[in-house]
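Starting from the structure of chain A, add chain B where the hints point.
Order-wise, the sequence lines are chains A and B. So the first sequence is numbered by this note's numbering: it starts at 8 and just counts up by one. So the second sequence is numbered by this note's numbering: it starts at 8 and just counts up by one.
One should not assume that every hint holds.
Straight-line alpha carbon distances no greater than 20 Å define the calculated EDC-like cross-link-like pairs of lysine to aspartate or glutamate that follow [said to hold, decoys possible]:
1. B:Lys130 x A:Asp177
2. B:Lys130 x A:Asp180
3. A:Lys115 x B:Asp46
4. B:Lys135 x A:Asp92
5. A:Lys115 x B:Glu47
6. B:Lys115 x A:Glu47
7. A:Lys115 x A:Glu47
8. A:Lys130 x A:Glu36
9. A:Lys130 x A:Glu120
10. A:Lys130 x B:Asp176
No lab work stands behind these hints: they were computed from the structure. Note that the structure is predicted; figures quoted are calculated from it, not measured.
2 protein chains.
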Amino acid sequence: MPEQSRTKLRRKPRRGSHDRDVLNGILDEAVVCHLGITDEGGLPVVTPTLHVRVENRVYVHGSAASRTLRSSNHSDICLTATLIDGLVLGRSAMHHSANYRSVMLFGKGEQVEDSQEKRDALKALIEKLIPGRWADIRQPTDQELRATSVLRIPIDEASAKIRNGPPMDDEADLELPVWAGVVGMRQVFDGARPDQHLLRDVTCPEYIADLIS
Amino acid sequence: MPEQSRTKLRRKPRRGSHDRDVLNGILDEAVVCHLGITDEGGLPVVTPTLHVRVENRVYVHGSAASRTLRSSNHSDICLTATLIDGLVLGRSAMHHSANYRSVMLFGKGEQVEDSQEKRDALKALIEKLIPGRWADIRQPTDQELRATSVLRIPIDEASAKIRNGPPMDDEADLELPVWAGVVGMRQVFDGARPDQHLLRDVTCPEYIADLIS
Chain A
8 MPEQSRTKLR RKPRRGSHDR DVLNGILDEA VVCHLGITDE GGLPVVTPTL HVRVENRVYV
68 HGSAASRTLR SSNHSDICLT ATLIDGLVLG RSAMHHSANY RSVMLFGKGE QVEDSQEKRD
128 ALKALIEKLI PGRWADIRQP TDQELRATSV LRIPIDEASA KIRNGPPMDD EADLELPVWA
188 GVVGMRQVFD GARPDQHLLR DVTCPEYIAD LIS
Chain B
8 MPEQSRTKLR RKPRRGSHDR DVLNGILDEA VVCHLGITDE GGLPVVTPTL HVRVENRVYV
68 HGSAASRTLR SSNHSDICLT ATLIDGLVLG RSAMHHSANY RSVMLFGKGE QVEDSQEKRD
128 ALKALIEKLI PGRWADIRQP TDQELRATSV LRIPIDEASA KIRNGPPMDD EADLELPVWA
188 GVVGMRQVFD GARPDQHLLR DVTCPEYIAD LIS
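In isolation and in its complexed conformation, chain A is listed as follows (with noise of 0.2 Å):
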């Protein structure tokens, strides 16, 4: 990934909603991201974690979540998400590279202590994966969700590094006899394997059947 087939985009207010666009979209195609806290010793640590964007704030869950609320006095965290979308393959060696996308958000994690807040950030968690889920299972109680981390995280310094499009060989290298192109690559679903104690009369729902069709 050489920086200068990199094309930065800095979050600020005069670059209009552009940009807010892009980020939000690369944000919320990603199903995972890797968050990184600085611990009590000064090392970085670099966890994955599902995540959810609502609005103007990122909310992840989980142990992830917990680790970081631990590092209370390194708080600090920068979390990034990034969308492999293909391999590029140049003439050369040193032109070979990924097409990507990718956003990276700093910021101070703050605990969520509101409950309803809490259950609204799983809710769109899960209905960012799996649209249509949450209307169809049990909602968590407030026992629960009072033993549940979540952070939020305010979108407010982020940048997105894009790559995209053909090899950018040396002008040069244009003349080798050497295939040259993109090999695209994107996640998938892959089916649906039900749970082996599924009740005999419970069918795979729709919007599942549409996830993975």
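Showing chain B alone in chain A's frame:
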């Protein structure tokens, strides 16, 4: 990704080759990793980058390596590679999760100075992504190699975290008439788009056709 459903495998000599094989398998299958550093101000920075494992070392190159290398006084890194295998759908909101395999690698990055080691690392990186490619392309010149940053991270302190299998619903929820199970996910290749400047008699090589078939 709740903590209770994780299997944590510490790679220690006494755990034998099994854990090491698991670690290696995840590192080898993941196209990108996320490289975390602590910057001069003590803040975490997490950058996506291509990586390759060669025996007991991981190499990254390009801008991520450069940035890490510039932070020479804070050269502890955490390299995390994650594969998403599926979405886990429980009967209750709290038992929604993801199946995944992840490796966290802690250590100090070492700048590769030796020209042959740089060349070998680039070859390994390209061959990891597109087996058969190296023999086909223009090799790096000495000048190109000098201009390239390659970072070597020894696999000394590393752990794998894996969640797989069905949802782990509460006993009392098993009677709910709610579909539960796992929706599989995987990353796939998605066709090859030739560069527009390709010479007319250059066809798509077999090693690329094999990759995308």
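Quiz prompt | Unmet hints by their number, sorted upward, for this structure | solution = none
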